[in-house]
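Make one complex out of these two single chains by using the hints.
Respectively, the protein sequence lines represent chains A and B. Those letters in the first sequence? Residues 609 to 1341, per the numbering used here, in order. Those letters in the second sequence? Residues 459 to 634, per the numbering used here, in order.
Note that these hints are calculated values from the structure, not bench results. Being a predicted model, the structure only gives us computed values, none of them experimental. Backbone N, C-alpha and C define an ideal beta-carbon position, used for all residues, glycine too. Wrong hints could be hidden among the right ones.
Said to hold, decoys possible - Listed next, with one range per pair, are the computed distances between beta-carbon atoms:
| id | chain 1 | residue 1 | chain 2 | residue 2 | range |
| --- | --- | --- | --- | --- | --- |
| 1 | A | Asp835 | B | Gly489 | 25 to 33 Å |
| 2 | B | Ala627 | A | Gly1170 | 44 to 52 Å |
| 3 | A | Ala1089 | B | Asp601 | 47 to 55 Å |
| 4 | A | Asp1150 | B | Asp560 | 55 to 63 Å |
| 5 | B | Thr540 | A | Pro907 | 57 to 65 Å |
| 6 | A | Asp835 | B | Lys490 | 24 to 32 Å |
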Amino acid sequence: MSAPASPARRHFLAISLTAAGALLIAPRLRAAPTPNVPPELLGEDLTALGPFLRIERGNRIVIGAPACEVGQGVFTELPMLIAAELDVDWTQVRVVQLPYGYVASDGDGAATLYGNQGPGAVDAAAQRHLREAGATARWLLLQAAAQEWNLPLEQLRTQAGQVLAPDGRSLGYGALVRSAAALTPPAQVPLRDTAAGTLVGHPTRTADAREIVTGARRFGLDSYGADAVVAVLARCPWIGGTLTHFDDAAARKVAGVVEVVELPASTDVVLAPSVAVLATHSWAALQGRQALKLDWQAPAGPLESSAALAASAQAALDAGSGGNIVRSDGDAASLRKRPARHRIEARYELPFLAHAPMEPLNALIELKQDAARLVAAVQDPDAASRLIARLTGLPRGDIAIELPRGGGSFGRRLDNDAVAEAVLLAKTVGKPVKLMWTRSDDLQHDRYRPYGMHRLAASLDDHKRITAWTHHCAATVLDAAKPNAGLLEADAFPAGHVAHLEQVFHPLTTRQPLVGGPWLAAFRAFPVECFIDELAVVSRQDAVKLRLAMLEDPKAPAVTGGVANARLAHVLRECAARIDWGKSRDDGHGLGIACHAVAGGCFAHAFEISVDKGQLQIHRAVCVADIGRVINPLNAEQQVAGACLDGVAATLQQAITLKDGRVQQHSLTDYPLLRMGLSPRTTQVQIIDSSADPIDPAWALASAGAALANAVYAATTVRVRKLPLLPELMRML
Amino acid sequence: MPRPTDPAASPPTPPAATPRPPAPLPITINGKFYDHDGDPAMPLLWFLRDRLRLTGTKYGCDGGECGACSVLVDDKLVRACTLPMAAASGHRVTTIEGLAGDDLHPLQQAWIESDAIQCGYCQSGQILAAVDLLRRKPRPGEDDLAAIANLCRCGSQPQLRRAIARAAAILRGERK
Chain A
609 MSAPASPARR
619 HFLAISLTAA
629 GALLIAPRLR
639 AAPTPNVPPE
649 LLGEDLTALG
659 PFLRIERGNR
669 IVIGAPACEV
679 GQGVFTELPM
689 LIAAELDVDW
699 TQVRVVQLPY
709 GYVASDGDGA
719 ATLYGNQGPG
729 AVDAAAQRHL
739 REAGATARWL
749 LLQAAAQEWN
759 LPLEQLRTQA
769 GQVLAPDGRS
779 LGYGALVRSA
789 AALTPPAQVP
799 LRDTAAGTLV
809 GHPTRTADAR
819 EIVTGARRFG
829 LDSYGADAVV
839 AVLARCPWIG
849 GTLTHFDDAA
859 ARKVAGVVEV
869 VELPASTDVV
879 LAPSVAVLAT
889 HSWAALQGRQ
899 ALKLDWQAPA
909 GPLESSAALA
919 ASAQAALDAG
929 SGGNIVRSDG
939 DAASLRKRPA
949 RHRIEARYEL
959 PFLAHAPMEP
969 LNALIELKQD
979 AARLVAAVQD
989 PDAASRLIAR
999 LTGLPRGDIA
1009 IELPRGGGSF
1019 GRRLDNDAVA
1029 EAVLLAKTVG
1039 KPVKLMWTRS
1049 DDLQHDRYRP
1059 YGMHRLAASL
1069 DDHKRITAWT
1079 HHCAATVLDA
1089 AKPNAGLLEA
1099 DAFPAGHVAH
1109 LEQVFHPLTT
1119 RQPLVGGPWL
1129 AAFRAFPVEC
1139 FIDELAVVSR
1149 QDAVKLRLAM
1159 LEDPKAPAVT
1169 GGVANARLAH
1179 VLRECAARID
1189 WGKSRDDGHG
1199 LGIACHAVAG
1209 GCFAHAFEIS
1219 VDKGQLQIHR
1229 AVCVADIGRV
1239 INPLNAEQQV
1249 AGACLDGVAA
1259 TLQQAITLKD
1269 GRVQQHSLTD
1279 YPLLRMGLSP
1289 RTTQVQIIDS
1299 SADPIDPAWA
1309 LASAGAALAN
1319 AVYAATTVRV
1329 RKLPLLPELM
1339 RML
Chain B
459 MPRPTDPAAS
469 PPTPPAATPR
479 PPAPLPITIN
489 GKFYDHDGDP
499 AMPLLWFLRD
509 RLRLTGTKYG
519 CDGGECGACS
529 VLVDDKLVRA
539 CTLPMAAASG
549 HRVTTIEGLA
559 GDDLHPLQQA
569 WIESDAIQCG
579 YCQSGQILAA
589 VDLLRRKPRP
599 GEDDLAAIAN
609 LCRCGSQPQL
619 RRAIARAAAI
629 LRGERK
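So here's chain B without its partners, still in its complex pose (with noise of 0.2 Å):
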């Protein structure tokens, strides 16, 4: 399993032009700084699960269809099954184990009190799609919600609907 580097002592890689496959791709994940060595056309999602075992990307599909893997990419939302790691390297990645500092991210707040689980297998994929959606729209519509492309087996978009308007509130200041 690849260690993370001091960050201090190490800073990031630019990536390569033209990745070759024996070089090293180096890739920043939740803030700590990682080499990736094997096949650069594996997606991100294997190096998450299989290297760092942050398990909290999940694998659902065959590509790109269910965002059960969706991380964000220099704050980007990206379906980390579809992304390989020589296009991941060089950015910045956020995964679900991430997105908290000291408290909760206020959407994963909102998702335990709007209890947004059910089987819970889609939704740290759904909650990173609606801090993306949130830093983009802080007052979503029905249209904005509509584009959340991430799919949910058990029904749970009652709950997320409420989740999401209970953190967009919150993060615009409107309620604690």
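Isolated chain A (complex conformation) (with noise of 0.2 Å):
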């Protein structure tokens, strides 16, 4: 493959190797070590070759991961792309993290010095760019060694960190660098066909997989600043509530805490309004936090509670009218009333989901007069920059920003709300600050995944087809400025299979701050996928075929949810094979499945469970996903896994509840994560091979939870439409 750069990344990567690739620059940064550029990139036996990586003399090569690792694998998935446009061997590599590169926009305004740091470090845009580098430096490299053997550069090749002539002479990339970096490179480096390559696509472990095991791997949490404060806070735990007073004298009293200060709320960052305790270590925080007394005012009017929102949302429902049309074919409402072979009606209900990241969150902010720094596990550098910027009047280019490693995110570390909480500490107190969340902040704090309550009917005819389809949803609004708040998909499957069918969208109200992303999947399919096998059941066919039946009709439209069903159906085929569908069973144990497409991929899911004397068993998981092309397999299967994993933990266990206008969960016993004895005893993952843009496979969770619904049903004939699943069947079997 040999595609011309786009000029926007060739004038960005032009500028970065002016300004750090070529040998008398090199000095320069060493004399005076901009906060941009880590110190592994630095030092004497260094020459650089561009932002992202050094060779040295012997070979070894350093290369920078642009994105913060929060369990993603993007810290040794992007150093591969450039490693394999290199051309090196995968041992010879180090990975080092690279810190925010802020450089003063050009008018793009995701460019850092290390091109996109933020949620798009991984979209196919920015993995050019990466690759873009690599291939530039083996140009220079390549150009080198014609030179120095004064062979035209076509001759030739590279191999595992040498360049090879045709006589057989080689020379290492260590022995080519410094001449490599006096040339300029032409505007337009080919890239390399990675199916020729022995790095991208093959499975290759965590780079820094050694210091994890090791306890050596520096978290955010693992970051101690010179004199900085541990600073815990106690929140108000009413969204909209107050501080009428408070008392810190027994605060005070416990030895190591240094300071107590109030945090009123800020309308835009910091939600709540708060007492920060600050000591000297996190223990005198913690107890100093534990003896504040603290007067917190409910807002004015009603509180808010899951009980009143369940009925708010059954009301919605039962009205049969009203609610925003998000789509509406043919004549669903009247052919619902008529006659039909089988009719049915469910409703589904789903509560507010968590992030819960293993490490809650954290930040250290070290505030001078003219700087600042920054060491957090931030997912959207970018906006902490700029956040930074807003609250300190400090110009960008002096707020840098470390990347330790972040234990999980799942979507919680994009937001910045814990480094606005320590930036405006540091401001108060005049010191470094190490603000620390502990799990019940974590829990009572979130940005949490919509509530909502599903009621779908259909009505299917003689030849056990889905005639009609109408999906009501009633919600905690995610996006008011949509008709469906961002919560039914007025494309997603079966829309456009079914001739009659439509889709209502019932707003519910809610003070608690909500978030998208690929949780909204799972919410929308969950209801979706368990009412299809219902309607298999009820109609006694098979719940693959009635699918497939569905997706290749050739009178369908032949994309839905913006993907081709042809793809949908494939992944659905190849999960039903591996989990042995049609195999007849006596052994007790039921099989369920279910498919999805979101975001450009799709998924299926199956599951083998059995339940025993009340216990829950997952003999085998089966993921099959389609997330175009996979940098590194072994990461993918395990994102994938991860996140079907994540669908069983949420839909057997876990829920966020409000009463009183509180959320009732402060500890991981309330709000339970996977343990093993849940996990599936096998998982087997099948990636689809696939040549289009890379897609989160986080999505990857959508048709977990129903699958795994779907296997309860078989094995039990209990339908569970209520989440979590676990305590629901309890009570129903």
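Written as structure tokens, this is what we have:
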């Protein structure tokens, strides 16, 4: 493959190479290291070849990882792209984390010294940019060898960190780098055909695995500033509540407590008013917070509760009128009243969900008169940089952001609320601050996956075909600007496959902050994919064949939800084959299956489970994912399995509930994360070969919950329509 | 920061029956001797992290639920967040940083080879839970695996199962 570089990227890359790539520049960087270049890329024994990599004389390659690693595998995957274009052996490579590389914006807001370092860092365009960096360095090395040997560049090739001449001569990259760095790269450097490489597309282990298993790798909370005080906040438990009075006398007596300060609510960055306890170490801060006497005032008006939300949802769905029409095909309303061979209706209820990353939020901030330094696993460092500039008035070029590893995110570290709190505290107390959230803080003050209830109704004719389908969804509004509030997709399956179809959204209000992302896919897919299963059961037909008949109906549109039906049908078939769908069983185990297309990808899940003496056991899980081009199949497999298990954990056990206006969950007993006993005994992942643009594998959780609930029905004949499933199943058994 | 003392010169002091707050609390961590002179109620977790900067032991919850802070105390699996220094004193603590000898422990090696990492935050606790499991059950069955109470939010359980099976076979001498 050889494609020209895009003008914007070329412009960016050229600037970077001029700034950090040429030899003349390197001494200047050494003399005055900028906070934007990590020490691993500087030092005496180096020749810089661009912002991402350094090649040492001994042929060791240091490659910078541009994006913040929070478990999505970017610390390994993105450097792999550079290494593959550079054509080096992965065992030669040492990966270092790059800090946020602010450059004065040239109109392209996402561009940093290191390209896209935010949530888009894995997008196709960002990947291309990294490949161009590696390809440019390789071209420079080839050119340097061509000059050395006085041979045309076209006659030379590279292999595992060496340039090879046709006559058998070879030179290691390390020997060429000094002359290479003095060259000017052409405007367009061809990219290598990745299929020819030995790295991209080949299973590659986590680059910092050894540091992880020896406890050496630093996560956000493992950062200690020289004089930083540890801060723990007591936040108002009500959204919109106020602090009426607090007594910090006892807190100040705790040995190690340095200061107690009030942090008022701020409308844009910090949601809750709070009182901060700052101490010389974590335990003192925690003890100090415990010793605070706090009087919070709830907001005026009725206080939210999950019971009231459910009642509102029921009422909206009972009314049979009102709501926003999201889609209306044919005449579903009247057809539903007419006689049909089968006509069923069901309601599904899905709770608020929390992100609950294993490592609660934290941020270390050092503010000086003319500079700031943040150490935090922020997934959107550009937004964090803007936020700090806004809160401090500092120019963005004087704000350094280091990106330690983050203990999970699931979208939580896209928000910078902890950063804002830390900055405001550091401003108030005039000291570096290490802010630490506790688990209770994390569950109580999250942005949640919306709550909602779905009412689905459908009719089937004598040929067991679905003739009418209505889907009413009453849910807390994520995006008020849209009639579907971002929650009921007009083009998602089975829309377009049923002649008479109606989708109506009924907005519910909540004070809770909400987020979207891959969890919304499960919110939409769960009721639809469970209901299809119910229809198959009622009409005594195979649940896979029912779906395939719809997806492969020549009269249906070829594309649903932005994805070709043939792709969705393919993942479903593969999944059914791998779980031995058609095989008759006599062991009391139940099989369940579901599929979903979303965000340009498509997924199918199947489970084999049993429920014995009140114990649910998942014997097998199968996940089939069509997620576009894959850089590291090992990571893709883990991400898809992880997303599946995320779906399992949430479906079985997790719910955020409200009472008297407050979130009721404080701990991992209240909000259980997955443990080994509930994980599948075997998990099989199949990634479909694809050359399409890459898709975040987190979307692969979409159909896991429905497949699991369908398996529970198959094993028990109990249809659980309210999540979390386990307590409901135990009640119904 | 407390300094480790020379083990040969200073043998461990036996724990006092009722530790008095002002008296330093001796503790052995990864073969080195330390004294804790702060709050005897402070959990071992914060002594390891804030005082010794042994940050491989992680904070993840407010009371023994997640297992991210798992350590071995006299070779038994303990959650460092629920163990006050007064109770830890006089005992021998192994953290993830102290697990490897000259070579990595077979479980650490198995974790790398099975790529049981993902976000990585729970893994030091998972490894120590597995060390404890395989010490008690060299051939763990499904019930034994199910009894591992350490949580993983990323869903790395498929890799954890592979890593434990691999290490168990190596420790039993059935594979290299």
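Hints that the structure is at odds with (numbers, increasing):
Violated hint (a single one): 5; every other hint is consistent with the structure.
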